[in-house]
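Enquirer: Protein chains in written order, with this note's numbering: chain H, 3 to 456; chain A, 3 to 456.
Do not take every clue at face value.
The list makes no distinction among identical chains, and a pair is therefore deemed to hold if it is satisfied within one copy or across any two copies.
Claimed, not checked - 25 Å max Cα-Cα, derived SDA-like pairs, lysine to any residue:
id, residue 1, residue 2
1, 279, 194
2, 151, 256
3, 143, 373
4, 89, 52
5, 416, 98
6, 386, 29
7, 143, 105
8, 272, 449
9, 272, 389
10, 387, 128
11, 450, 103
12, 269, 53
13, 4, 122
Calculated directly from the structure, the hints in this document are not laboratory data. From a predicted model like this one, the values you see are computed outputs, not experimental measurements.
Number of protein chains: 2
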Amino acid sequence: MKIVIIGGVAAGAKAAAKARRLSQDAEIIVYTDDTHVSYSSCGLPYYIAGNFEDYRMLLVRSPEEFEEQGIKIRLRHKALKIVPDTKQVLIHNMNDNNVELVNYDKLIIATGARPFIPPIKNTELPNIFTVRKIEDGIRIKAKAITSKKVLIVGGGYIGMELLESFVMRNLKVTLVENSPHIMPMLDPEISEMIYEQLTSVCENRFEIIRGESVVEFCGDENGVTCVVLSSGQMIDTDFVILATGIRPNVEIAYDAGIELGITKAIKVNKRMETNIKDIYACGDCVEENLVINDSPAWIPLGSNANKEGRCAAINACGEFDEFNGVLASAVTRCLDLTISMTGLTESGARNSGIDPISVTVTKFDKVGYMPDVNNITLKLIADKKTGRLIGGQAIGAGDADKRINTLTSALLSKMTVEEFCQNDLTYAPPYSPTIDPLLNAAEILRSKLKKLNS
Amino acid sequence: MKIVIIGGVAAGAKAAAKARRLSQDAEIIVYTDDTHVSYSSCGLPYYIAGNFEDYRMLLVRSPEEFEEQGIKIRLRHKALKIVPDTKQVLIHNMNDNNVELVNYDKLIIATGARPFIPPIKNTELPNIFTVRKIEDGIRIKAKAITSKKVLIVGGGYIGMELLESFVMRNLKVTLVENSPHIMPMLDPEISEMIYEQLTSVCENRFEIIRGESVVEFCGDENGVTCVVLSSGQMIDTDFVILATGIRPNVEIAYDAGIELGITKAIKVNKRMETNIKDIYACGDCVEENLVINDSPAWIPLGSNANKEGRCAAINACGEFDEFNGVLASAVTRCLDLTISMTGLTESGARNSGIDPISVTVTKFDKVGYMPDVNNITLKLIADKKTGRLIGGQAIGAGDADKRINTLTSALLSKMTVEEFCQNDLTYAPPYSPTIDPLLNAAEILRSKLKKLNS
């Protein structure tokens, strides 16, 4: 049996490794147009920040390690076309410019995603970077070391993480977000708190501009020097980061007749099978099922990619596995602030036809007399009709994310607020108040729900 | 309506405050033989360590604050006898030595627990302390400041926390635990790891002696000077802490005909009602229901006390509330080590007739390239027959406890290992590896269960 995998960053690399463990005999070959396989893209902001110096720390597994296990790795080999009828893939070897047709018994598509380049004038100028591959990280870090100021376009996860990276490197940072709020995937009042908390510790190290778009980059063949905003404001900069989102790489799949979902990512079932027999897909190129309300969602994250790659491999090898979907859990850090969420936001709930009820509390994260006590703000969201918990958001110093993980188990088991109030969370003064903020919020939400029903 | 509350540390204080919120008219009066009300007993180790200087930081609410809300606080008033037939309590005013009979419409017993004094010779010598009340903390702290060495009897939660306190104060600490393991409420191999990790960072600051009991204290009217172990070894010390467990204060309830449970704590139903009409009980003096297997358990913790006090007050005020029980979740810190658990241990499962299956993993707590990466050891325990998760233990630096809280939600909803594997935990490099240790452990446990069933 020959298993061909297109793409080798997270899902593809995981699928290859898992397939090897399940089948000693299968021929396993990974084609990637990248110059690296099996690396942590999510680690680039910390590499750029200087948390560690050697980019090879980002490599989970080297090509040599794969080869030792009998997994063939073909770097700089771009898949041009899938021919399902003859079970072949057309591969372009970018090293010697040859093209060959490769047979497969099972094909796993793990083509990932690519940065979205917004329609701004002169995005092709030198020193305007996107952040996706190891090469991007190396180039950005080199540029950061010799620069004084940087402008980041986009205030989502990557933008906020890079804000931290560049502040750590003592660059003056300007971040421009065109929507009225940074972290616009959160509910607006939570995004507003993030903005307030960050600007309160800014100390002239960075500036966050919201509600304005970048309309033009200026510069010459030596690189970008200035950024023009929609207000007309011009900002000098040494380089620019475009952190304006990503799009799934689905063209090769679509051209082969593979069905896409409503999110424009590849549609797969729980076994990671596409609509074409013996073709699986996994990672950032596929659409997920949001288990809260069984609706399609596209949540491109390394954790999901790993689980999906594993699941695809198990099924491709003839065994049985299912990946039920995601809760849209996520976490990011910006300086000392942890920002985390799971499930539906309040606005997301409304958009999907759920009438939400919510509560937001700001409480100490441990008992008030402990020396390192901090505030944590927690928002809990429930379905007004059923009382079911459907989402949560947390911001604060330290382990705000782990409180969200306590919620993920509750969301997964479709727990109601009433049921969650009976939760027995660990307590000791260095770790939480006697009544954890989570239980405190749940208790208030429970009272609100009771009042509604009485 | 007159609500009389006996005891005012955690459950009693909470009950009083909640009753006031629910009823503006009720007469609410708290009798306590203590000199303080409404304080955080759990904070004593951090007060002793010097994390904060003023013991009043431990007070949640002062007597004056209660009085302002029309809650009467009677300090140093000991309840001697409950007379259910006439709905009266006999109270001894320790200030003026008067005794009076007090009427009640609703009585809430929150008498708490007291330290257990083991049968060791000469425990009455000066400078042998137990740790329960604010006065204990004040005396111990004063003694610690002028001392060089201390011996702690008992390696449970309080013993381990005080080990940290005294190490922080640069005392030479000897801890003696008579069972073969410290933290004997955990499974032995986890306790062993705690021992190894602590002794590896000990640097002569402390010594932990296991499997030996203290048989005698020596000294004179100036205080204890030496401790004799079962081996004959004699250890010089400036003072001694007895951290050998606690017992529920149930005598006054028992004498009044109130039923005790199998754990010897007061038996209550989910509404915190005792077997006698209009008498409620809550806090460290009551028995809880362990929801994992609906069995009686006695888990005296501040978090439980608060929830129970609240529940008792709601029901005493004529409304309806239920406290379903506990998961036996707990956390403690000893120096840099977080020790946390929930549910049944493997041995506890066996003792309660469940055939357990478990897995223990030691993994990084975040992605390996992050500068502050640490190990976390996680043990997951499931019921072999049903595949249900029934317990977990975690040790490690930092937020090991929060991973246990992710489990509590799963235990509460009676999730199987198979279901838990579909959990979508937050991921970013500063917070967890791509696959969190929890999911990693669950995945291994799932494979083990699959093999058993195939």
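Enquirer: For each hint, tell me whether it holds in the structure or not.
Expert: Now the hints, each set against the structure:
Neither within a single protomer nor between protomers do residue 279 and residue 194 lie at most 25 Å apart by alpha-carbon distance, with minima of 47 Å and 52 Å respectively. In this assembly of identical chains, residue 151 and residue 256 lie within 25 Å of each other by CA distance neither inside one copy nor across copies; the values are 41 Å within and 74 Å between. For the homomeric pair residue 143 and residue 373, the shortest alpha-carbon distance between copies (18 Å) is at most 25 Å, but the shortest distance inside one copy (36 Å) is not. Taking the closest pair of Cα atoms, residue 89 and residue 52 never come within 25 Å of each other, the shortest separation being 45 Å inside a single copy and 71 Å across copies.
Taking the shortest Cα distances, residue 416 and residue 98 never come within 25 Å of each other, neither inside one copy (54 Å) nor across copies (57 Å). Taking the shortest Cα distances, residue 386 and residue 29 never come within 25 Å of each other, neither inside one copy (53 Å) nor across copies (37 Å). In this assembly of identical chains, the alpha carbons of residue 143 and residue 105 never lie at most 25 Å apart, being 40 Å within a copy and 76 Å across copies at closest. In the homo-oligomer, the alpha carbons of residue 272 and residue 449 lie at most 25 Å apart only across protomers (19 Å), although the nearest pairing inside one protomer, at 38 Å, exceeds that limit.
For a Cα distance limit of 25 Å, the shortest separation of residue 272 from residue 389 across copies, 22 Å, qualifies, whereas the shortest one inside one copy, 28 Å, does not. Taking the closest pair of Cα atoms, residue 387 and residue 128 never come within 25 Å of each other, the shortest separation being 54 Å inside a single copy and 63 Å across copies. Proximity of residue 450 to residue 103 under the C-alpha cut-off of 25 Å is found in neither arrangement, the shortest distances being 63 Å within a copy and 41 Å between copies. In this assembly of identical chains, the alpha carbons of residue 269 and residue 53 never lie at most 25 Å apart, being 37 Å within a copy and 55 Å across copies at closest.
Neither within a single protomer nor between protomers do residue 4 and residue 122 lie at most 25 Å apart by alpha-carbon distance, with minima of 44 Å and 73 Å respectively.
Hint violations for this structure: numbers 1, 2, 4, 5, 6, 7, 10, 11, 12, 13, all remaining hints satisfied.
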